[in-house]
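Asker: Each chain, letter by letter, is given below.
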Amino acid sequence: AAGVIQSPRHLIKEKRETATLKCYPIPRHDTVYWYQQGPGQDPQFLISFYEKMQSDKGSIPDRFSAQQFSDYHSELNMSSLELGDSALYFCASSGTGTGVFYEQYFGPGTRLTVT
Amino acid sequence: GEDVEQSLFLSVREGDSSVINCTYTDSSSTYLYWYKQEPGAGLQLLTYIFSNMDMKQDQRLTVLLNKKDKHLSLRIADTQTGDSAIYFCAERLQTGANNLFFGTGTRLTVIP
Numbered sequence: 001a002a003g004v005i006q007s008p009r010h011l012i013k014e015k016r017e018t019a020t021l022k023c024y025p026i027p028r029h030d031t032v033y034w035y036q037q038g039p040g041q042d043p044q045f046l047i048s049f050y051e052k053m054q055s056d057k058g059s060i061p062d063r064f065s066a067q068q069f070s071d072y073h074s075e076l077n078m079s080s081l082e083l084g085d086s087a088l089y090f091c092a093s094s095g096t097g098t099g100v101f102y103e104q105y106f107g108p109g110t111r112l113t114v115t
Numbered sequence: 001g002e003d004v005e006q007s008l009f010l011s012v013r014e015g016d017s018s019v020i021n022c023t024y025t026d027s028s029s030t031y032l033y034w035y036k037q038e039p040g041a042g043l044q045l046l047t048y049i050f051s052n053m054d055m056k057q058d059q060r061l062t063v064l065l066n067k068k069d070k071h072l073s074l075r076i077a078d079t080q081t082g083d084s085a086i087y088f089c090a091e092r093l094q095t096g097a098n099n100l101f102f103g104t105g106t107r108l109t110v111i112p
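Residue numbers (the working numbering), protein chains in the order written: chain A, 1 to 115; chain B, 1 to 112.
Since the hints were derived computationally from the structure, they do not count as laboratory data.
Ideal Cβ positions, reconstructed from N, Cα and C, are used throughout, including at glycine.
It is possible that part of the hints are untrue.
[Unchecked claim] A few chain B residues facing chain A, derived, Cβ under 10 Å: (1) Phe9; (2) Thr30; (3) Gly40; (4) Phe102; (5) Thr104.
[Said to hold, decoys possible] With a Cα cut of at most 20 Å, we get these calculated SDA-like pairs of lysine to any residue: (6) A:Lys57 / A:Arg9; (7) A:Lys57 / B:Asp3; (8) B:Lys36 / A:Ala2; (9) A:Lys22 / B:Gly40; (10) A:Lys57 / A:Ala2.
One chain only, chain A, in its complex shape (with noise of 0.2 Å):
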């Protein structure tokens, strides 16, 4: 079966740099969700989209922003890095005509590091 599709899967940048991160859900699937796990943490959300227009914010900084595409693709663009944004970051997706809404599908994960 189908899963979510993150790129890049690893991503070295230096301060001050920025970078995008993109998450492909699995197909039928409406929603698409941001984590962020640091070294040894577990998963913080970040923002979540609902047919493309944002549902739900958390802990995300402000030189993160992120949308949802019309082919229901995600992006989180991320300014001004710090190297505690060294993380994995994950994207999820769920699908409210699915029947099961609320089964959560998780990426592979980008993994950034931030020199």
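Once you've looked at the hints, dock chain B against the given chain A.
Answerer: Relative to the frame of chain A, chain B by itself:
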């Protein structure tokens, strides 16, 4: 934020049962989940339980929910070395937001 607590480590011998525990504070949880994370990998949805259920069994996995004590557990029968991973419990609240709040994670080590 919401507090979801788990013990950090658990070691069991291969073939034994593992029980991973989780406590949460928000009584408005609607769904409670168990995810598995292997080193450097993503989060794999193992199972979940709706808050009006007490128990759910899925092959080797048994989820028990004590809503009064806000306690959730995951029992893995006949634990195998491939079960070694970090296990996260997570809750989805009734407040309208659909995001998940994760526990601290339990690192399960299976000893051959």
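Asker: Each hint needs a verdict: does it hold in this structure or not?
Answerer: To see whether the hints hold, each was checked on the structure:
1. Phe9: Nearest chain A Cβ about 12 Å off; hint violated.
2. Thr30: Where the cut-off is 10 Å and the nearest Cβ of chain A is about 7 Å from threonine 30 (chain B), the hint holds.
3. Gly40: holds (8 Å)
4. Phe102: holds (4 Å)
5. Thr104: holds (6 Å)
6. A:Lys57 / A:Arg9: violated (24 Å)
7. A:Lys57 / B:Asp3: holds (18 Å)
8. B:Lys36 / A:Ala2: Within the cut-off at roughly 19 Å; holds.
9. A:Lys22 / B:Gly40: With a Cα-Cα distance of about 18 Å, the restraint between lysine 22 (chain A) and glycine 40 (chain B) holds, given a limit of 20 Å.
10. A:Lys57 / A:Ala2: Between lysine 57 (chain A) and alanine 2 (chain A) the Cα gap is close to 27 Å, so the pair fails against 20 Å, i.e. violated.
Checked against the numbered hints listed earlier, the structure breaks hints 1, 6 and 10; every other hint is satisfied.
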